[in-house]
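Chains as they are written, first to last, in this note's numbering: chain Y, 733 to 1222; chain B, -17 to 289; chain E, 117 to 384.
Keep in mind that the hints are not guaranteed to be accurate.
Stated by the list, open to error - Cβ-Cβ distance ranges computed for the label pairs, FRET-style: (1) R836(Y) / S(-6)(B): 55 to 61 Å; (2) R208(E) / E1148(Y): 51 to 57 Å; (3) G993(Y) / G137(E): 33 to 39 Å; (4) H(-9)(B) / L1100(Y): 37 to 43 Å; (5) G1169(Y) / T287(B): 53 to 59 Å; (6) H821(Y) / N147(E): 57 to 63 Å; (7) N1121(Y) / G383(E): 31 to 37 Å.
No lab work stands behind these hints, which were simulated from the structure alone. Cβ atoms here follow ideal geometry from the backbone N, Cα and C, with glycine treated the same way.
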Amino acid sequence: MALTKKQTAELAKQVFEYAPAPESIDHVKIQPRYGLFIGGRMVEGHSKKRFPTINPATETKLAEVVEADDVDVDRAVKAADKAFDSWAHLAPSQRARYLFRISRLIQERSRELAVVETMDGGKPIKESRDVDIPLAAAHFFYYAGWADKLEWAFPNRKPKPIGVAGQVIPWNFPLLMLAWKIAPALAAGNTVVLKPAETTPLSAMVFAEICMQADLPPGVVNIVTGAGKTGSLVVTHPDVKKVAFTGSTEVGKLIQRSIAGSGKRLTLELGGKAANIVFEDAPLDQAVEGIINGIYFNQGHVCCAGSRLLVQESIAEPLLEKLKRRLSTLRLGDPLDKNTDIGAINSKAQLERIQGLVESGIEEGAELYQPDCVLPERGFWFPPTLFTNVSQSYRIAREEIFGPVLSVLTFRTPNEAVEKANNTPYGLSAGVWTDKGSRILWMAERLRAGVVWANTFNRFDPTSPFGGYKESGFGREGGVHGLLPYLELN
Amino acid sequence: MATALSLTHLGSLMRGVRSVDEVGADERAAALAKRSIKKSSKLWALDLAVRCMDLTTLEGADTPGKVAAMCAKAIRPKPGDPTIPSVAAVCVYPLRIADCVEHLRGSNVRIASVATAFPSGQSFTSIKVAETEEAVRAGAHEIDMVIDRGAFLSGDYQRVYDEIVAVKEACGPAHLKVILETGELGTYDAVRRASILAMAAGADFIKTSTGKVQPAATLPVALVMMESIRDFVRETGQPVGFKAAGGIRTAKQAIAYLVLTYETLGPDWMTPDRLRLGASTLLNDVLMQIDKERTGAYQSPDYFTID
Amino acid sequence: MDVRKTYKLFVNGEFVRSESGRAYRPDGNVNVPRGSRKDLRDAVRAARTAFPAWSGRTAMNRGQILYRAAEMLDGRGSQFIELLGGGARARRELDQAVETLVWYAGWTDKLSQVTGTVNPVSGPYFNFTIPEPTGVVGIVAPEDDALGGLVRRIAPALCGGNVVVALAAESHPLAALTLAEVLATSDLPGGVVNILSGQRKELIPWLAAHMDVNAIDVAGCTGDEIKSIEEAAAGNVKRVIKVAATERSPYLVSAFMEMKTVWHPIGV
């Protein structure tokens, strides 16, 4: 066996890059069609309209779900309204137990949920397995503990639930966003009607089964599927007292407008265009990992993604070299493969939006870099992309792309970094990389963003409040602050 | 070249070595450890692990008989199965080199010897140089030296540097692996500084540990050292090898080091010329995994000779 | 013969006439400037400019300045009692306004201790959440309680480090405009509070739609006004603060605040 060095390296390449390691899916049963979860059971929709939910990695149909109409939404809200009184007056320790139970059931069915999430949404299995599902379970566990301790959370007040919460969630972290919405609402004593995103309804359908398994009282959680129209019916329903929305700023504004004057309480978690700022003294290799995690995690379908890299000019060249090298090691492909870093783009519409913005970047004069990357023939894919020579005025530096596309800008001084970072209508998150403690705090103080990651990026925890400044929305999710939107403090 | 460095400024240069964020490095290493390698790829990886192995015995109780047995195992890890390759090298104390020379004759297995007052390194430079020269004269192809951690931790980088340069010279044609003993250095920042210092002084390989100090090799330490190699190669164009040693006992761990190497240094490092895994008990677990992959059945240690 | 006062708008720390040159006479006699959308624009610009320095002051310093405002208000008590119509009711309103300033003066350096958190995340990270001012806050004063109603909202907004553009009660603007004189002599930097008099229906839509206003407090608004304010507020996702007019609490201060969460690894 006398191989040349080159042959050996070539072999190593095949072994360490292309060997498939698929997650098994035989333990997961997706039903061909789903109804709506109303009043504690799955029911047929009044609406006869159905739509398919597809696997974006293969474009094959996974199941059909109902496009709920006004009658369906009204039924769901009525069920929630009917359940509200007894749920709100249930001994708080009992409410806590239901939530603990749900948390445990999510843990027990974690692999099934991870596979469903990955098949329905296109995200890599290692992310749904290691991030989405454990965090969703943790979120329920955290808020379960609050249910009978609300008086300790808000001194001098008697917190009371608001009523029926109408919640509309996005497709990027379907189960996790469901947990962020439902867990605090239920802990506070509200009942909910939740609408999952049009392209990712399936993990919510599994969650409906979990509610039944947990013997959650009927009507406490109701789930209606559909698109924007259904969501609009949920938030504008007169018996919905509290609206929570996570999604685009554009839709957030429509919702804020549509419920104006209604007296409904509102929280919005919207878009972002986060700056990830790297100073010349940063721990570079970890900064590179943070940049990668910041923008290519979940294909960049992350509202708090670090989509603008602000790098100090003095280290731009070595940093970009490291970054490009690292980019070339990202594995794009089958989301069910345990080694996949970049999965499928969630939908055709999203892919087209990304493609359009990337084209605008090229037209405006930015320099495109994409590593060699073979895209699968079927499904929706976009290679990890990096733009240099980007000006603050380019669309790719201002608009949320919501895809694996990083725009690189440079700065010279800390003041300039802050100025550029804040020069956006958004204010969801920001990143700072430097070895100097006082500079971290100086930056953290000045960045107008709800979450500042210093020497790290894209970390989440149920105890840690999350939410935006400015057009990134208002209200916080997570932590004791995440209870506030679901309570009246009388 | 070692002499290219301006020695008067070594201290400030060392302090200027870029820092490492511990949590970030730990997370990156942990993420890579989750990479999954299956079937034929796994077999190839296990085969590579054998080919990159430095089969080691470093005990006060080492005898000619013990070393002879190890040499036999090194040449033919699984008697009766010629598809299993020889390991890269054996690694012994200087007094046992002659035994290796005798029992490895005719094979491709190289002889590595620790030297320089292993494992503490707390001796005179002249003794270390002499020990190195003797070891090479006795037939060692590779010298695994330890750095003077006392000097390093007291900030006397010059002394560490000079000693490596001297030992390297004493090595002559033999390859020099410089052991940083990362478990005694306290931080990844220090590991990175020591890596750069050793490479600048002429190390052919940098190596994590003696195996006599806990913690020995860990994935994040390996990551930090490999990233230092990557930066050094970028600056100088001179490739430097990496050796992990101490605490690597399972095939799963070995594969994690291979993944880390591949992801950090690339395919050109997936060869015994640039990558070594030092271990005393790893080999049989790798052999058991190879058989498991081939037969589909989990294996028993009773079927694998201990030496 | 007394020397009468010319009432003016309070913008950027200065007393100015409306750029429109218009006035109205809410009590039938005294001319009050009828602020225009351009006055409002100038006020927002002044507030925005003042924001970084004001929010950057130490909490202790903001407390001292709010307390100073209480001192100044109390010192001119008889003037305000007269403006408020005299009698026990006016005295009570003044006392409450002074008390409100004193109360919030004492909150500035406690707010983050009561509403901030250190979060025990699962991992090697130090994680904390602190309140930060949202920025430029628009306040519509209630028509009754011309002094107290306004002070009850300005004080908590300032307490957290926000800057304010306030619309005085349209029917009783004199107390608000005189309050500006108190603030102007309280070491409050110019532009931190701006007070405009004029017609609500003329000014509110511009305030609600202004893209550089971060929040709008509607405690003094009617239901119809709130609806149109909320519609316009969506233009830049303005926070619409609907906490009851009688509220006095750190929760009200928090309504003018953003919670910022900071993560940092813990390692060697």
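Hint compliance check: list the failing hint numbers for this structure, sorted ascending.
none
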